[in-house]
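Engineer: Residue-level listing of the chains:
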Amino acid sequence: MFVDFFYQLRDARIPVTIREFLTFLEALDKGVSQGSIDEFYYLSRASLVKDERFFDTFDLVFENFFKGAMHKTAGLIEQYLPEEWLRGVAREIFTEEEIEQMSLEELMDELAKRLQEQDSAHHGGSKWIGTGGTSPFGNAGQNPAGFRMGGEGGGKSATKMWQKREFRGLKGETELGTRNMKVALRKLRKFIREGAEDEFDLLETIKSTADHAGMLDIKMRAERKNKVKVLTLFDIGGSMDSFIRLSEELFSATRTEFKHLEYFYFHNFLYERVWRQNRRGYSEWTPTWEVMNTYSSDWKVIFVGDATMSPFEITEVGGSIEHWNEEPGELWLRRFLAKFPDAVWLNPVPSQRWMQTPSVRMTYQLMEGRMFPLTIDGLDGAMRLLRQGRQAMAHL
Amino acid sequence: MKFTGTDNYVATDDLMTAVNAAITLQRPLLVKGEPGTGKTLLAMEVADSLGMPFYEWHIKSTTKANHGLYEYDAVSRLRDSQLGDDRVHDINNYIKRGMLWEAFASEKQAVLLIDEIDKADIEFPNDLLRELDRMEFYVYETQETVKATNRPVVIITSNNEKELPDAFLRRCFFHYIRFPDEDTMAKIVEVHFPDIKKRLLKEAMEVFFQVRDVNGIKKKPSTSELLDWIKLLLAEDIDPEALREDSTKAIPKLYGALLKNEQDVHMFERIAFMSRRQDA
Chain R
762 MFVDFFYQLR DARIPVTIRE FLTFLEALDK GVSQGSIDEF YYLSRASLVK DERFFDTFDL
822 VFENFFKGAM HKTAGLIEQY LPEEWLRGVA REIFTEEEIE QMSLEELMDE LAKRLQEQDS
882 AHHGGSKWIG TGGTSPFGNA GQNPAGFRMG GEGGGKSATK MWQKREFRGL KGETELGTRN
942 MKVALRKLRK FIREGAEDEF DLLETIKSTA DHAGMLDIKM RAERKNKVKV LTLFDIGGSM
1002 DSFIRLSEEL FSATRTEFKH LEYFYFHNFL YERVWRQNRR GYSEWTPTWE VMNTYSSDWK
1062 VIFVGDATMS PFEITEVGGS IEHWNEEPGE LWLRRFLAKF PDAVWLNPVP SQRWMQTPSV
1122 RMTYQLMEGR MFPLTIDGLD GAMRLLRQGR QAMAHL
Chain C
8 MKFTGTDNYV ATDDLMTAVN AAITLQRPLL VKGEPGTGKT LLAMEVADSL GMPFYEWHIK
68 STTKANHGLY EYDAVSRLRD SQLGDDRVHD INNYIKRGML WEAFASEKQA VLLIDEIDKA
128 DIEFPNDLLR ELDRMEFYVY ETQETVKATN RPVVIITSNN EKELPDAFLR RCFFHYIRFP
188 DEDTMAKIVE VHFPDIKKRL LKEAMEVFFQ VRDVNGIKKK PSTSELLDWI KLLLAEDIDP
248 EALREDSTKA IPKLYGALLK NEQDVHMFER IAFMSRRQDA
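These protein sequences, in sequence, are chains R and C.
Residue numbering for the first sequence is 762 to 1157, as defined by our numbering.
Residue numbering for the second sequence is 8 to 287, as defined by our numbering.
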């Protein structure tokens, strides 16, 4: 029962498990949803889908499955249609004499004929086959005994709950807001006890007191603090202009989430200098060497940029469009990555377009695949990778 | 026994189905949603409408799974032993029941709210798997097994700050409280302020949804903030006309209840300034 539905959900990559499926069947068995298709929809969603990001996909599968189910039941009716019922129906369409003269097959044939003869659209009325009428045949009618001949059912509201696709906005691939950015960044938090011992350690005190045969011996320990250190580098080159709002949101989100956060700006690509100020003045730059020597290699590095430029800007000496660079940007990025092994690149350009742009492809390769789209899923993946460190690389 | 919403709480159809499924199958119900959409309130209302006792376990970042079961107060016992108190001989004197134990021990079937489970450590939900599944746990100090006399209705809320482990999710029903649309919102406001003037309500709702729709706002106002704001408007006896006039000037009256961030207020002032300039 509904096994197909279960597999269709799994095919759509919704993580449904057997246990959830059995729970769903159990709930059906105990009569939680009583007949109404809406209740059935709500119940299946509540028991099978555990993350609102999958609601939209679920709606699509549900729609698809139940369309299929309609077609199947349509076949069943033709096969198992009780003759008595059909005769009853026929009495409303045909006159008594007509019915007397016809066998069941002829009756069905006649019905088909009427369908064909009818060449103009017919709505309403009580005899002809069409839409919105009270005749038992046809579509969207009001005759309770009638059966549907394809198309959408009438009677109730035109669109079902799942057809509205109200959860489209909750899908993981959609754009980020400040709040879900913060939530995603929070995954990187790591609590470590370090520094002054100023917190009372209850368990150690008890243990030590017991060891001293009941003489009170107080133990202290350091407070738990979030020790993750993050270095972010934002691209403020011209091609990033269209992503300014997104970058600003990401920036304000990172600022409140990490105590140890340093940020720098670069123009188009990483060269020998980076900027502290989000102004495109050249006077206050910091040498990239200095950044690499100031921060230890346990800092996690996040690049934010569209990596969209001419390939020369990455590979060539003097390739930068703003100044003469003695060494190619490619070399600088390699150096940077050698120093900071935990690094990711967040790209606001949708990932489908990455491989079409040569410079994005090159940056992707330089980052050894650690480039993520600036979406909830992308940010999630990036943070997971940063948290686990280099050993997670094997999965890419 | 069926939950159908209460006089003070507007429940949508999908929410009712999820709650009833959880009650019938005696499985936990996990409720997620934007902050301020009435997740916590739901549990209280379920308890209220079904006439069940209500237990609330509020989770903090330092909460451990054990805290919900019981705590062994070793320090008191140590102190009593040094003072020569007689209570020290019975370990039961130092075992404090947690909310889960209380709910399990309840004579009548109870409603247990585990509020903001995502605040705790990532392992926290995993530590509760067996307890929520079998509704029983073992007390090492006294070597007894506590088993629920009546399996409580467990409602768990989450603000989505951490992902919950799959093993935990498998055992729950799930409901996501969407931000209510304007019709539902009007119903919610009516439930809370039955004698609110129709026109004031309409104007207030329009302003509220306008504020929510403004692009780039840092913190969107939630349902509970709307209710606070309306409370203020009623207290100040604001005229609906004044409110309408206001909305064209972009910064709503008594905005403090809706906007909680000085950058947002600032942005609204800027928009107000621009629209005034356009009028001139």
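In case anyone wonders, no lab produced these hints; they're calculated from the structure.
C-beta atoms are modelled at their ideal positions from N, C-alpha and C, and glycine is treated no differently.
Watch out, some of these pointers could steer you wrong.
[Stated by the list, open to error] Okay, the calculated beta carbon distance ranges per label pair:
1) 31/C <-> 829/R: 21 to 31 Å
2) 982/R <-> 147/C: 30 to 40 Å
3) 983/R <-> 201/C: 30 to 40 Å
4) 977/R <-> 145/C: 22 to 32 Å
5) 791/R <-> 244/C: 49 to 59 Å
6) 1079/R <-> 41/C: 19 to 29 Å
7) 147/C <-> 980/R: 22 to 32 Å
8) 201/C <-> 1148/R: 49 to 59 Å
9) 221/C <-> 1020/R: 40 to 50 Å
10) 242/C <-> 963/R: 40 to 50 Å
11) 960/R <-> 150/C: 31 to 41 Å
Engineer: A separate judgement is required for each hint: does it hold in the structure or not?
Structural biologist: Hint check:
For residue 31/C and residue 829/R, the hinted distance range of 21 to 31 Å is satisfied, since their beta carbons lie about 29 Å from each other. In this structure the supplied range 30 to 40 Å is violated for residue 982/R paired with residue 147/C, their Cβ-Cβ distance being about 25 Å. Taking the beta carbon of each, residue 983/R and residue 201/C are about 55 Å apart, not inside 30 to 40 Å as hinted. In this structure the supplied range 22 to 32 Å holds for residue 977/R paired with residue 145/C, their Cβ-Cβ distance being about 31 Å.
Roughly 52 Å separates the CB atoms of residue 791/R and residue 244/C, a value that falls within the hinted 49 to 59 Å. The given range of 19 to 29 Å is broken by residue 1079/R and residue 41/C, whose C-beta atoms sit roughly 52 Å from each other. Checked against the hint of 22 to 32 Å, the C-beta distance between residue 147/C and residue 980/R comes to roughly 23 Å, which is consistent with it. For the pair residue 201/C and residue 1148/R, the beta carbons lie near 50 Å from each other, so the given range of 49 to 59 Å is met.
Separated by about 31 Å at the C-beta atoms, residue 221/C and residue 1020/R break the suggested range of 40 to 50 Å. In this structure the supplied range 40 to 50 Å holds for residue 242/C paired with residue 963/R, their Cβ-Cβ distance being about 47 Å. Hint check: residue 960/R to residue 150/C, Cβ distance near 32 Å, so the stated range 31 to 41 Å holds.
Violated hints for the displayed structure, listed by number in ascending order: 2, 3, 6 and 9.
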